[in-house]
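There are 2 protein chains.
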Amino acid sequence: MKRPTIKDIAAAAGVSKGAVSLALNGRSGVSEQTRARVLAVASSLGYRPSVTARALSSASADAVGLVLVRPPRALGDEAFFFQLIAGMQSAMSSALLLQVVESREAEIELYRRWWAEHRVDGVFLVDLLVSDPRVELMSSLGLPAVVVGGAGHHGELASVWADDYAAMTSVVEYLKSLGHRRIARIAGLGSLLHTVRRDEAFASSVVDGGASGGVDGVVVYGDYSAESGAAATRELLSRGDRPTAIVYDNDVMAVAGVEVASSLGVAVPAELSIVAWDDSVLCQHGRLTALSRDTFAFGARAARALLAVVGGALPTDVEDVLPELVVRGSSGGAPGA
Amino acid sequence: MKRPTIKDIAAAAGVSKGAVSLALNGRSGVSEQTRARVLAVASSLGYRPSVTARALSSASADAVGLVLVRPPRALGDEAFFFQLIAGMQSAMSSALLLQVVESREAEIELYRRWWAEHRVDGVFLVDLLVSDPRVELMSSLGLPAVVVGGAGHHGELASVWADDYAAMTSVVEYLKSLGHRRIARIAGLGSLLHTVRRDEAFASSVVDGGASGGVDGVVVYGDYSAESGAAATRELLSRGDRPTAIVYDNDVMAVAGVEVASSLGVAVPAELSIVAWDDSVLCQHGRLTALSRDTFAFGARAARALLAVVGGALPTDVEDVLPELVVRGSSGGAPGA
DNA sequence: GACCCTAGCTAAACCGGTTTATCTCCGGCT
DNA sequence: AGCCGGAGATAAACCGGTTTAGCTAGGGTC
Chain A
166 MKRPTIKDIA AAAGVSKGAV SLALNGRSGV SEQTRARVLA VASSLGYRPS
216 VTARALSSAS ADAVGLVLVR PPRALGDEAF FFQLIAGMQS AMSSALLLQV
266 VESREAEIEL YRRWWAEHRV DGVFLVDLLV SDPRVELMSS LGLPAVVVGG
316 AGHHGELASV WADDYAAMTS VVEYLKSLGH RRIARIAGLG SLLHTVRRDE
366 AFASSVVDGG ASGGVDGVVV YGDYSAESGA AATRELLSRG DRPTAIVYDN
416 DVMAVAGVEV ASSLGVAVPA ELSIVAWDDS VLCQHGRLTA LSRDTFAFGA
466 RAARALLAVV GGALPTDVED VLPELVVRGS SGGAPGA
Chain B
166 MKRPTIKDIA AAAGVSKGAV SLALNGRSGV SEQTRARVLA VASSLGYRPS
216 VTARALSSAS ADAVGLVLVR PPRALGDEAF FFQLIAGMQS AMSSALLLQV
266 VESREAEIEL YRRWWAEHRV DGVFLVDLLV SDPRVELMSS LGLPAVVVGG
316 AGHHGELASV WADDYAAMTS VVEYLKSLGH RRIARIAGLG SLLHTVRRDE
366 AFASSVVDGG ASGGVDGVVV YGDYSAESGA AATRELLSRG DRPTAIVYDN
416 DVMAVAGVEV ASSLGVAVPA ELSIVAWDDS VLCQHGRLTA LSRDTFAFGA
466 RAARALLAVV GGALPTDVED VLPELVVRGS SGGAPGA
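Residue numbers (the numbering used here), protein chains in the order written: chain A, 166 to 502; chain B, 166 to 502.
By construction, these hints were calculated from the structure, which means they are not laboratory data. Possibly wrong hints are sitting among the right ones.
Any copy, or any two copies together, can satisfy a pair, since identical chains are not distinguished.
Okay, derived cross-link-like pairs now, SDA-like style, lysine to any residue, Cα gap no bigger than 20 angstroms in a straight line [unchecked claim]: (1) 182 x 221; (2) 167 x 305; (3) 172 x 221; (4) 167 x 478; (5) 172 x 281; (6) 167 x 273; (7) 167 x 223; (8) 172 x 305; (9) 167 x 277; (10) 182 x 388; (11) 172 x 396; (12) 167 x 306; (13) 182 x 169; (14) 172 x 236; (15) 167 x 307; (16) 172 x 391; (17) 167 x 274.
As the structure is a prediction and not an experimental result, all values here were calculated from the model.
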């Protein structure tokens with residue numbers, strides 16, 4: 166009652182192991198007649214190839230990898246990643262090898278190992294850094310990879326990204342059009358590429374003269390946690406010339422910001438407009454104006470891109486649809502405007 | 166510059182492959198002197214064993230599995246699972262093989278395959294059903310497994326669980342003490358074991374005479390989605406004798422319930438008290454009274470239990486701490502009480 | 001001195017596939 | 001008739017480990 170192996174099929178079909186392998190993989194070297202017989206025997210025996218054995222002789226591993234570098238406890242609140250993972254899975258029939266590690270060094274070591282052992286066919290690269298060493302690593306290893314969320318082109322790698330620059334510009338323009346002249350930004354980790362992109366867009370559209378003239382823009386950095394969002398908001402709101410609008414880099418920080426504002430007696434949106442990046446159940450329920458994108462679909466797109474690269478396709482850059490600003494109750498005209 | 170294999174070490178240390186294997190795995194059959202030499206050579210060469218090859222010869226696979234049966238898109242909003250996964254990872258050094266499938270049959274097929282190929286050392290079983298076929302399957306396969314969240318004892322399997330019965334009872338008692346006499350419950354999938362447990366506890370404590378006497382209790386089933394929570398709430402609130410308190414089986418449905426209540430002009434908590442199961446950022450920000458437990462720690466505990474079973478320990482049942490009711494703004498005295 | 005046991009090691013089989021080298025047979029061409 | 005080429009198949013090597021059978025040398029026992 167053991168699961169049948171290629172050897173059993175060979176015996177049952179009266180051919181050699183090698184012939185069975187060729188037949189099953191649709192390669193030439195066996196007659197159509199033999200191939201048909203082998204396939205028949207295989208299916209009648211309920212044969213399923215062993216991914217483990219196959220991986221050992223340097224073929225497909227039937228899995229792709231994702232490594233997240235985070236303090237594990239902080240991860241659970243980030244709905245973004247889970248949405249992304251769910252989306253990836255929806256477009257893949259293979260399994261996802263997931264591991265959370267503490268350091269970038271451990272991450273790199275893991276890639277080396279997984280690839281050397283053919284445990285994965287390819288990997289997703291998230292949280293791209295400015296001049297990220299992983300890009301070079303993938304090329305030198307020859308490990309198929311897709312950069313997820315890092316705008317622009319990265320060496321020889323495929324990437325799937327959304328235009329953070331344009332999105333940030335649209336948010337600032339929206340706020341300016343409402344009469345805001347002191348706009349703040351509570352950013353995420355400054356080491357991440359997309360943070361830098363957003364910084365650039367923010368800086369550029371803030372100083373941009375245009376019809377509305379330049380405005381005052383200040384940036385404070387957080388780490389996506391509610392605590393850091395609250396602290397940053399508190400700092401901004403306690404200034405003499407406090408901003409009339411704040412753009413947050415994620416939903417958790419934005420929600421924390423709303424809390425702080427209300428506890429300080431600052432009315433939202435009458436005295437302070439709040440915009441969150443990345444929509445979620447949290448924003449929907451909190452009625453937060455948010456930059457919304459379909460993270461699930463984004464994940465699915467990333468998975469398809471990775472499968473293509475694994476399949477030998479030339480790496481391409483896929484731009485996701487532009488995040489759309491969903492206006493809810495947390496934003497409005499500037500006070501006195 | 167290829168990664169060194171056991172063969173390279175053998176050559177460098179001047180012994181056979183077999184001796185190297187014995188030495189590295191701390192097994193008897195080699196002298197301490199030889200072992201030391203082999204270990205020295207191995208570390209100087211930066212040797213890392215190949216999990217793939219090792220798995221093939223029926224040893225450790227250095228990974229554990231988790232299969233989720235869900236429509237993938239619905240998954241992303243369930244912070245619970247991601248918290249759980251993050252917690253699991255925090256207590257494991259091995260990777261997690263994660264796959265989302267559409268059907269229970271596919272799930273079972275996956276367990277068979279993963280185990281036959283030694284792709285995993287063990288699996289987590291979540292969303293336990295009433296008389297779940299997986300329990301029997303694990304025993305017959307001999308696949309180490311831990312039941313996560315299914316109260317009670319399951320065949321020969323280890324389990325990690327929280328006392329849903331006691332928790333539900335405490336919620337109902339709390340509501341009764343506030344004067345509520347018509348209490349409803351919006352449950353999750355009726356096929357899940359923990360739903361049944363909560364049903365039993367709910368039914369029992371609702372009819373329980375005690376000091377406060379019996380109360381009216383009705384149960385409606387949802388599927389954890391915001392839509393189903395909203396629909397169920399709408400149904401309950403449009404009844405003639407609408408409940409004055411509703412207990413939800415998860416956070417997403419509870420939050421949707423708050424929305425519906427306010428859209429129907431039913432004041433929370435003045436006219437309707439709402440209690441959510443499983444606390445989350447969502448509940449915290451929505452100021453929902455919720456049954457809170459540390460899902461992250463729960464996941465970590467489950468991981469440790471699985472590692473123990475994989476390591477050959479006798480399966481045990483570990484009871485998690487009792488979920489604690491965190492009272493926030495969504496619950497209060499019954500109207501007119 | 002014959003016998004047995006054991007520690008310490010080697011050679012080889014094995015896990016379940018893929019891949020390469022080799023062998024045979026058959027047909028076509030000159 | 002002799003030679004070549006290719007199709008179809010097989011045997012064997014290989015991937016990187018684990019495991020078992022077997023060999024050798026040394027020590028203890030009677």
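Do the hints match the structure? See the list:
no.	hint	in the structure
1	182 x 221	both (17 angstroms within a copy, 18 angstroms between copies)
2	167 x 305	between (41 angstroms within a copy, 13 angstroms between copies)
3	172 x 221	both (17 angstroms within a copy, 15 angstroms between copies)
4	167 x 478	neither (38 angstroms within a copy, 26 angstroms between copies)
5	172 x 281	between (27 angstroms within a copy, 16 angstroms between copies)
6	167 x 273	between (38 angstroms within a copy, 16 angstroms between copies)
7	167 x 223	between (25 angstroms within a copy, 14 angstroms between copies)
8	172 x 305	neither (37 angstroms within a copy, 25 angstroms between copies)
9	167 x 277	between (34 angstroms within a copy, 11 angstroms between copies)
10	182 x 388	neither (55 angstroms within a copy, 49 angstroms between copies)
11	172 x 396	neither (64 angstroms within a copy, 56 angstroms between copies)
12	167 x 306	between (37 angstroms within a copy, 11 angstroms between copies)
13	182 x 169	within (13 angstroms within a copy, 29 angstroms between copies)
14	172 x 236	neither (47 angstroms within a copy, 38 angstroms between copies)
15	167 x 307	between (37 angstroms within a copy, 13 angstroms between copies)
16	172 x 391	neither (57 angstroms within a copy, 52 angstroms between copies)
17	167 x 274	between (36 angstroms within a copy, 15 angstroms between copies)
Comparing the model with each earlier hint shows violations of hints 4, 8, 10, 11, 14 and 16; every other hint is respected.
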